[in-house]
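Student: Listed below are the residues making up each chain.
There are 2 protein chains.
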Amino acid sequence: MAITRYQNLASILSQRIEQGLYPAGIRLPSIRVLSKEHGVSITTVQQAYRELEDQQLVEARPKSGYFVSPLKTRPELPAVCSMSQCSLSIPQWDQVLEMVGPLKDGEITFVSAAPDVSVSSLRPLTRALSHLSQRHDLRTLSYDDVRGSLELREQIARLLIDSGSHMDAGNIMITNGCREALSIAVRCVCAPGDIVAVESPSFHGSLQLLHGLGMKVLEIPTDPVNGISVEALELALDQWPVKAIMVTPTAHNPLGYNMPLERRQALLKLAQHYDVAIVEDDVYGELSFGYPRPATITSMDDEGRVLLCSSFSKTLAPGLRVGWIAPGSYMNRAVHMKYTGSGSTASLTQLAIVEFIKQGHYHKHVRRMRGQYQRNLAIMTGWITKYFPCGTRISRPQGGCLLWIELDHGIDTQRLNALLAEHNISIAVGAVFSTAGKFHSCMRINYAQPLTADIENAIRQIGVVIHQLLSRSGFGNSVK
Amino acid sequence: MAITRYQNLASILSQRIEQGLYPAGIRLPSIRVLSKEHGVSITTVQQAYRELEDQQLVEARPKSGYFVSPLKTRPELPAVCSMSQCSLSIPQWDQVLEMVGPLKDGEITFVSAAPDVSVSSLRPLTRALSHLSQRHDLRTLSYDDVRGSLELREQIARLLIDSGSHMDAGNIMITNGCREALSIAVRCVCAPGDIVAVESPSFHGSLQLLHGLGMKVLEIPTDPVNGISVEALELALDQWPVKAIMVTPTAHNPLGYNMPLERRQALLKLAQHYDVAIVEDDVYGELSFGYPRPATITSMDDEGRVLLCSSFSKTLAPGLRVGWIAPGSYMNRAVHMKYTGSGSTASLTQLAIVEFIKQGHYHKHVRRMRGQYQRNLAIMTGWITKYFPCGTRISRPQGGCLLWIELDHGIDTQRLNALLAEHNISIAVGAVFSTAGKFHSCMRINYAQPLTADIENAIRQIGVVIHQLLSRSGFGNSVK
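Protein chains in written order, with UniProt numbering: chain A, 1 to 480; chain B, 1 to 480.
Worth flagging that the hints you see were computed from the coordinates, not collected in a lab.
As the structure is a prediction and not an experimental result, all values here were calculated from the model.
It is possible that part of the hints are untrue.
Claimed, not checked - Per the computed footprint, the stretches of chain A lying under chain B, defined by three or more beta-carbons under 8 Å from a beta-carbon of chain B, are:
(1) 93-101
(2) 113-127
(3) 177-183
C-beta: ideal position from N, C-alpha, C; glycine also.
Between the sequences and the hints, there should be enough to build the whole structure, so can you do that?
Tutor: Pasting the structure below:
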């Protein structure tokens, strides 16, 4: 029996869905677009979509179009952790230090949270850097305003409109990456010994930061889809004299969720009620897959209680070390900390970013990266589902380039990483994302880089070692 | 009467001395060199020098050669301040903030401690920046080792040999300028509430830093030629539980002295005896006029008690924001602070500096700048002597690009600066160099930039306003 046009198109689309090119939940191309792309009639596309609906691969939503159905075989989400007590244990600095050290030759690493900087859409940025240097522009060699380039702060204010905020340059200060912004933010609102409530798991850099500043960390149960439990947080605020809440509501590191709007509002209300500051890490905000990107908690705040921290490290390149803080009502303190902590920020990279944005490259580049990461996510999720043992739980990121994986509880990812070192592969071990001894069987991997056959082989190899560890453990050998 | 050859030469030399081309105390060209330069015999040069000796313009020192005599009319040195009590008063942040803000249009400023970055010997650096960017070198866009570029640390270790230190890359960590190095150093050895002994006057950035970190500042009397009083420091260490001593022994900011070798040794011995750490700010070290540059206190320390902080901000360009710390025995803590405080340092500027040094431009450039600053110093000292009131006291820098001026005690330089603003001129007011309310009649000016007629006019204008203030005060008007 000859295959009809619509069956052919349905088959192409179903293959793309199965290969993960159109991940679960995403909107599929419109009927008009597919008709043009494949040179077939509107009716043919409609028939193809009806066929896929029958196969329960896609869902029609009135006035919105067609969406990929949630997968039946979709891996489970990582579990939510229970509430921890205040922790002051010595942090896992040795493990973190190993993670941030230089790469070994030929090492395939999934450790860092770095974006892909090899893409051609960054060329105009390196060109701008080159031109500014070539011109021997004295601004690039001189001390800048300690708050950073006025032009860049104006551009950032414009970019922030997408996140729902209406600021001007005066509300923003440039920092050495988001890291310095976070360090300043925490010190603006807390003194050593104060308690800071955080998501669990949390970015290890933030946990180390809080430890380094002598803060006590209170890990709040965090849902892999909805984010920090506002209910658990309320109990915590009732019980402890918490001074600040530190959250990454958009494209969370490591879980990848976007906290729903109403939960952001609830969180802010809670902070107002208990008079607590919020440090909002928005470093992955612009890499949220959906459009428009979620509004920041900062944008809902009219008291200057929320301190927004972000950078161009994930959207453009981390080596630039250009971040910013919008510290709400704490600007004076923040400027003092910046002045005394590192002085002004390097001028050349700031001015190059200004050029890059002004010439219209920024939005194009970020759109491209969002697409790449979303495609990579589907492929990587597919590989892990394929190579890792049954029962492996995987996060469902709504932005960014990081995947959180929960293995069988018999597996210690620290031990796994030591074995992987023999294969010149490294992962970020789960234990460093908690100060309370959690997540020993978890790991975080980065899927930003182009997913070559080498990467697939590395993922397969990780799967092999996990299977070995499990079977050894099954035969009674101790898994350390 | 015809002028003889030796009289002619003597007249040339005395003019140069009077114009400040050969400043007081400096070694004059050797007899052999002058003989060649002027095409005269050795005997003629010897006669010329004898003539100048008779005029008391030069002094012969056995086996060393001829030196310019201390000037008879030489302005007096600034006075040494008495010991202050521990201070916890609110620092002059508003004044400092005004100083570090953006320049007004056409403003002539003597405020910052910036070097001259307009010189051609920096061209190879901007070329290196340009080439690295042009190549789209991925290293310039990626996260670097948190300790900084290995190559750059190796080059810095090599540069440090001149300061008497034998280190390797493992002893050094790159920072965002000297400011971040100082902030890390202080936090390595002190906790909030601890007492830090400092020179008086001290760089306002360091004082603000200590205040920002919650330290108590103990200002030790400091001699404008010999540096911090080791005797007064001993009394202080006996009396107070001082945790650290923070000093700038070479080309001090703002006084410009080089602390003599034996006083450096005495300081270290004291620190050992009282088990106190030393934070050594060497940011102007390479700009010491004399050759070889003085050995750092760090180089005399074999216990890892001294934390060396420096940067390329004064030798190359501040806009690069590339500094370093050699934190002695505190490396692990220092790396943690760097990782949590700002993450790795921007890669592009580090790599460009490596190129600049490797291509042999560094020493040539620094030598040139030393010469320029030394010549500028003589000219600027001349202008101030000429335009400022009699009795003005002036420091005698042995390196760097900063002059410290003490006016009649009836003058408040804060008020002076407000009046100068009407002429679009600004100076660094003395008050910010102390936390104890000292130096209200002092000011610091920068003489790095090319000393054009505009600069001379600005200095003349400052003199005019000072004279006005004095005469008003003399006629009974209140000097606020």
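Student: Each hint: holds or not?
Tutor: Hints, verified against the model:
Remark: the stretch 93-101 of chain A is confirmed as covered by chain B, as 5 of its residues place a Cβ nearer than 8 Å to a Cβ of that chain, reaching the required three. A count of 7 residues in the stretch 113-127 of chain A with a Cβ less than 8 Å from any Cβ of chain B is obtained; the coverage claim is therefore met, three being the minimum. Beta-carbon proximity to chain B at under 8 Å applies to 4 residues in the stretch 177-183 of chain A; the threshold of 3 is reached and the given coverage holds.
The structure meets every hint from the earlier list without exception.
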